[in-house]
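Participant: Keeping their order, the protein sequence lines are chains W and A.
Residue 415, in this note's numbering, is where the first sequence stops; the numbers in between run on with no holes.
Residue 649, in this note's numbering, is where the second sequence stops; the numbers in between run on with no holes.
Keep in mind that the hints are not guaranteed to be accurate.
[As the list claims (entries may be wrong)] Now the stretches of chain W that chain A is said to cover, found in silico as 3 or more residues with beta-carbon under 8 Å:
1) 104 to 113
2) 154 to 168
3) 300 to 310
4) 354 to 363
[To be verified] Derived, one-sided and incomplete: chain A residues facing chain W with beta-carbon distance under 7 Å:
5) 434
6) 527
7) 561
8) 562
Derived from the structure by calculation, the hints contain no laboratory data.
Computed from a predicted model, the values in this text were never measured in an experiment.
Note that the Cβ used here is the ideal one computed from N, Cα and C, for glycine as well.
Here is how the chains run, residue by residue.
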Amino acid sequence: MAKLELSEETKAGMEEVGQADLLIAVVAPVQSDQLRAAATRAVLVPSLSSLRTVVAFPGLNGAEAAALESIEAPTGLRFLPYSLPSADPGRIPWLAGAGIYQGLFAMARELGANACAVIGFDLAALESNSLAQMVAPVLEQRCELAMPLYAMGKFDGLLNSGILAPLTRALYGRRVRYPLAPDFCLAGKTLPDVETAVQRAITQGQPLLWPATEGALRDYKMCQVQVGTRHAPPADGVDLSTILTQTVGSLFLDVASNASTWQRVRGSQAVETLGVAVSPPASAAAVDTTPMLETFQLGYRNLQEVWSLVLPPVTLLELKRLARPNPDRFHMPDELWVRVVYDFALAYRLRTISRAHLLGALAPLYLGWVASYALEVGNAGPAEADQRLEKLARAYEEGKPYLLSRWRWPDRFNP
Amino acid sequence: MWTQVSQSLHESMARVISRIATLLPGILAFILAVLVFAAVAWGLAWLVRAFLNAIRIDERLARGTNAIAEWSPTYTPTTLITRVVFWCIVLMGFLVGLEAFGASSDNALSARLLGYLPNVIGAVVLLLLGNVIARFLSRSVLIGAVNMNLHYARLLSQGIKWLVLVLTAAMVLDHLSIGAAIVDLAFGILFGGIVLALALAVGLGSRDLVSRSLEKEATRSAPESIPEEQFRHF
């Protein structure tokens, strides 16, 4: 796995900077002029203007960095370049690896930062001024980990809504809406612990950092900050199977690594939400679910031999009923979807089949769930869509005993 | 005359019994060698398993995507290594037994068997590998094709599977020196036929499609606007 090794140049820059109050760690390659403009604007807000802020950013050589430094910046704002390790082939370019976070947390720790704000994907969090909203509660010691609460449309971030968020909530007992958010802020005192945890995760082959999970495992005081940031990860050349393999696969690996902890967790606790609600963008009312339903039905016709290795007969029977061609009445019950996800998580742990095949075989089922959800909330407003997702999250929690039972006794007869 | 027949029968019986008596030590030596080596193999496999468990090789290799787990997910690396050790030693015992059998019986059969054995082992390995590769590729193609919404996913997957299996069968037969020229010829005709059939199918069946696509490409003046996605998964 690509690990961030700080160059001599970066270390010299850190020595020169000495101490900092806030480290803004940019993990994606960005344009230097855009970064400069966005960072300057972001730190001009009253809550950040008096802080010694360092912006660590990738992708520039020494000369460009010096040019960036030479332009007049607000007092206390410094730019510190670092070299991104060569990306793993096949990895989604906009998903930062855990190795990069480890290097950045070490940098923040050595600078003695009181807070480390991570900016992922792009500069949207800096440009939308949501940085200050996330940093403030951490600096005011109201929480140790601030996660963003994005205002998303009902058909945005569906993988997060259908699997990542509810599964993380059911397992670790914290209701964090975006557990794999690209932007978040950590308190300085948590950095050594998180750094160690990331190191351990890397040695276990974990490719991504799940900040909300780390926060829940270490019982950090977490908060969610309502932000108006809108990320638009480019979809070029990245298909759904790849996204599933790298995000859901990483989550399943995390589930297997932390089994001893999540088996003791019951129910879930709300996480304090700060800030003013931002209205989500309008979503299309009428959506075409036909291609997704076709993929689901095609999957049912062709992938039975794979699904039957993972799913119990009763689930296969329910999927058979669903696969009947009747697009208007298509409805995948939450309980069925939850059991499917739990069974796939177990098969991932047991290596019932190749993990790449397993997650590829999940794609048609996931599209079936998306189609069912889209048909259900097609005419609903954002609040109703949120309620629908809350109902799904509760179904995950109610279905947890099923996962526990299968996890502990995988060979027990399961009709 | 009956005396002569009886004598002849007695002599042949004596020759057979004497032959069996000559072979018996060899057979006993063969069985003993296989049994002793099987016991040694069992003990060594147990030691190897204990050592691998002590160094937690399964956990170490389970980090990330590793080739063994991807190609043969139901077997852990420990199981695979111990089984390889066990069967290698049993095979060695088999060879030692054959050698002992040959030395005691002074028989050309054992020499021929010994000479042919590497071919058999190679063929078995090829057969196993071919099966694993065929199964893996067929499943990969099936899942990939379903996710690409191709309605002929199963056909494609079965085609890949049988192509690999036919190739494996031809290689195995070639390795065993069975039907040498006939197998080569048959395989060449079969493989060439499949490729030709596919080429004809694409060339004739998709002629209109290809020409329409080329026309569209040639007449396109400005890039078409890409419709905004209704769903965002991430």
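Participant: Indicate, hint by hint, whether the structure satisfies it.
Facilitator: Now for the hints, and whether the structure bears them out:
1. 104 to 113: violated (count 0)
2. 154 to 168: It holds, with 6 qualifying residues against the three required.
3. 300 to 310: holds (count 4)
4. 354 to 363: The restraint on the segment 354 to 363 of chain W holds, since 7 of its residues have a Cβ under 8 Å from chain A and three suffice.
5. 434: 54 Å, violated
6. 527: Residue 527/A check fails; min Cβ-Cβ to chain W is 42 Å, beyond 7 Å.
7. 561: Holds: closest Cβ of chain W sits about 5 Å from residue 561/A, inside 7 Å.
8. 562: Where the cut-off is 7 Å and the nearest Cβ of chain W is about 5 Å from residue 562/A, the hint holds.
When the structure is compared with the earlier hints, violations turn up for hints 1, 5 and 6 and for no others.
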